[in-house]
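What follows is the residue order along each chain.
There are 2 protein chains.
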Amino acid sequence: MKSYSLGNLNEDDLNRLCRRPKLDFESVFSQVRPILNEVKEHGDRSVRKFTKEFDGVDPNPVAVTPEHFNSDLDVKQQRAIDLAMKNVHRFHREQTQPGLEVETVPGIKCMQTTRPIERVGLYIPGGTAPLPSTAIMLGVPALTAGCKTIILATPPDKDGNIPTSIAYIAKKIGVEKIVRAGGAQAIAAMAYGTDSVPKVDKILGPGNQYVTAAKMLLQNSDAMISIDLPAGPSEVLVIADSKANPEFVAVDLLSQAEHGPDSQVVLAALNGFDVETMTQALESQLKKLPRASTARKALENSFILQVETMEQAISFSNRYAPEHLILNCDEASSYTDLIQNAGSVFLGAWTPESLGDYASGTNHTLPTYGYARMFSGVNLQSFQKSITFQQATPEGLKHLGPTVEILAGIEGLEAHGKAVSLRLQALKKVEG
Amino acid sequence: MKSYSLGNLNEDDLNRLCRRPKLDFESVFSQVRPILNEVKEHGDRSVRKFTKEFDGVDPNPVAVTPEHFNSDLDVKQQRAIDLAMKNVHRFHREQTQPGLEVETVPGIKCMQTTRPIERVGLYIPGGTAPLPSTAIMLGVPALTAGCKTIILATPPDKDGNIPTSIAYIAKKIGVEKIVRAGGAQAIAAMAYGTDSVPKVDKILGPGNQYVTAAKMLLQNSDAMISIDLPAGPSEVLVIADSKANPEFVAVDLLSQAEHGPDSQVVLAALNGFDVETMTQALESQLKKLPRASTARKALENSFILQVETMEQAISFSNRYAPEHLILNCDEASSYTDLIQNAGSVFLGAWTPESLGDYASGTNHTLPTYGYARMFSGVNLQSFQKSITFQQATPEGLKHLGPTVEILAGIEGLEAHGKAVSLRLQALKKVEG
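If you read the sequences in order, they're chains A and B. Take the first sequence: its position 75, counting from 1, is numbered 63 in our numbering, and each next residue is one higher. Take the second sequence: its position 225, counting from 1, is numbered 213 in our numbering, and each next residue is one higher.
Derived by calculation from the structure, the hints in this document are not laboratory data. Values in this document were obtained by computation on a predicted structure and should not be read as measured data. Among the clues, some could well be false.
One copy or two, it doesn't matter: identical chains are merged, so the pair holds either way.
To be verified - DSS-like cross-link-like pairs, simulated, lysine-lysine; straight-line CA separation at most 25 angstroms:
| id | residue 1 | residue 2 |
| --- | --- | --- |
| 1 | Lys386 | Lys276 |
| 2 | Lys386 | Lys74 |
| 3 | Lys40 | Lys146 |
| 4 | Lys386 | Lys417 |
With the hints as extra help, turn the sequences into a complete structure.
Below is the structure:
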């Protein structure tokens, strides 16, 4: 891993370090666009065609009910999934916003309330291993929010089946249909709807660059969908002070690096942290790792930043805006107020990122690529929208009406003012 | 206005009625793309060029501080604006989410907290009249949320000035720079940043199709911004029962229709509502309206739907998902639970839409075009993101760790499991 000392870096250097590997949006868009258009036009037929081409299987029908799949897990795995689901449910249930009611002026009541988004599509990436954790992280909040129609899409295996663990979770959350496809074609099927795939209002979930590009293009299209967030490669920033155990830091860096060759791993090391022992631990742990070659590639893009103080480390982290931030330091929770931009934060020596990836209760679908500056991770509100209400009494209208008439006058919108004046006149008449 | 009877319509008819005029996204995108690219490359120089071309004025420098402009209002206007700002502040302040802390299992604490988005850009459309109300609706929540850098863009007049009312509001909310430009060039300047315009993280605000297209394209670009929502032409759905005053209904329809020729106006009339008197009132009010020709054009695309019950009316409204919904009926507040998809709702005879447009306290930047199915209107959270935190005690890790090890095993992510195992081993050692 490259190493820099904060004191030797200028503003430009810092910005360069914070820049992620350049994504060529336009070139991926141009590869994905024809797939979206074909699925829009030909529906299931195109989804089957592309799935045959990319995944070597022809799912027919494309979408089936969860009952179609085996969901028998061994007891240990079932218990682990059940506990993770319970924790995620607990934490997301507490995010329920109570209805709001405010009397802004006497006789004018303003309210805000939330409603579930009716139909949601959840994308669970496939690839080298099943990702039941993502099914939990998207499915549980969808169920908690009260979404009526939950569709789940994930790439099938050569027999058209999906992983047992995902089928188990899908049944538990009441998924209506499972789309046996991945990639841009799966996203398009849920966005436009096909004969077998119900159309959804919002699509959530991580995925490779084709999946992300499909979501981004479709949110700007006549499919009329929204998306959770633009997801890029996963990343972690670890802040380690002199008391941090080098073995723990090494394994936390590796547990990010093993995600993919494009993962970003950053270590901000305070004075006194034993970088040398950490580097040795990293090397010896790497040797035993099944995904060592993946992790090694990720580490090539990664770096260590030497800093003097926790404040400097967090200030750099706020600039970088990491998806995951680990504070492996003394009194970690005393620094939370300083953290401005991050997806999810892991406090102290005993809180590895994998706790949150799987089971603590927080969501693991988080903003990457610096998007933590303006996006939240997936949460209960990702599956809801809010509606405002207002109600005026005659007294309220008399109180606030003249203000509205003046403002409508400034904007030259006469009927807007008239909607008040006509009512005020009617009230005057009644009151004689 | 065309008129339909719900009983005579089938599913296809209903869907057709709910469909808004087709927006040709792709053709607007292709007009806007070159503007965005030019501003990205040449900054202020291009913004000036396009502003000269489209607005007939060369703003130099493009962005200036609010002090640059006259903001002396007459006392009446100032008081009206102050009261509107106060109400909007009151309602949005109450949307502040208290931090969340949940112990999901003993020793595992999960937290969620919000942070302001640091730099936001607010777009205030120009055109036929100043729109101070939009400056209030975007500026007040930005200030309430604690955004550090607030940039406001609005088209200048021929002398490079902006409306006094907007300058007044900009000073009150502490706007850092006012971008004297409108259209796609203004959006691009805020998204990429220029010599005079600070780069922002999120862009909010309504606008014409070029502004909306620019926001949509830039949210998918290397500018790394997010947007509030895709905004289309304004719309209202009025539900009127037999007790509704036809004059009130007529003026409410007109106050939507006068917005623009592409405004959508829908009346769901219950049995007994006097449609004939309403139609006559509409005609006679129209004659006196300065923006009559605009309103008349909007009414051409609009329709009346005859329904039997409130439930039918609201069910249609949920399918239509209107930006504004007026329940001009008896016991209006008893129907709120049925409403699933709407931007903002106006309850009862004494609550015209213009109350919420200007001063009740709710936000008027709302989802149009059916996007109320999955988008909220602008609210305090539009200017914030949330961060999650978690902290495990050694006991918490011992409790939840084995679950994480099993789940990491299913996914084949060994280092994820190891991040737990190494720590559990260390704990065992210490405890001997």
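Tested hints:
With identical chains, the CA atoms of Lys386 and Lys276 are at most 25 angstroms apart between copies only, with a shortest distance of 24 angstroms across copies and 76 angstroms within one. For the identical chains of this complex, Lys386 and Lys74 are inter-copy neighbours only, at 18 angstroms across copies versus 51 angstroms inside a copy, given an alpha-carbon limit of 25 angstroms. Taking the shortest alpha-carbon separations for Lys40 and Lys146, only the intra-copy value of 10 angstroms comes in at or below 25 angstroms, while the best inter-copy value is 60 angstroms. For the identical chains of this complex, Lys386 and Lys417 are intra-copy neighbours only, at 13 angstroms inside a copy versus 75 angstroms across copies, given an alpha-carbon limit of 25 angstroms.
Of the numbered hints stated above, none is contradicted by the structure.
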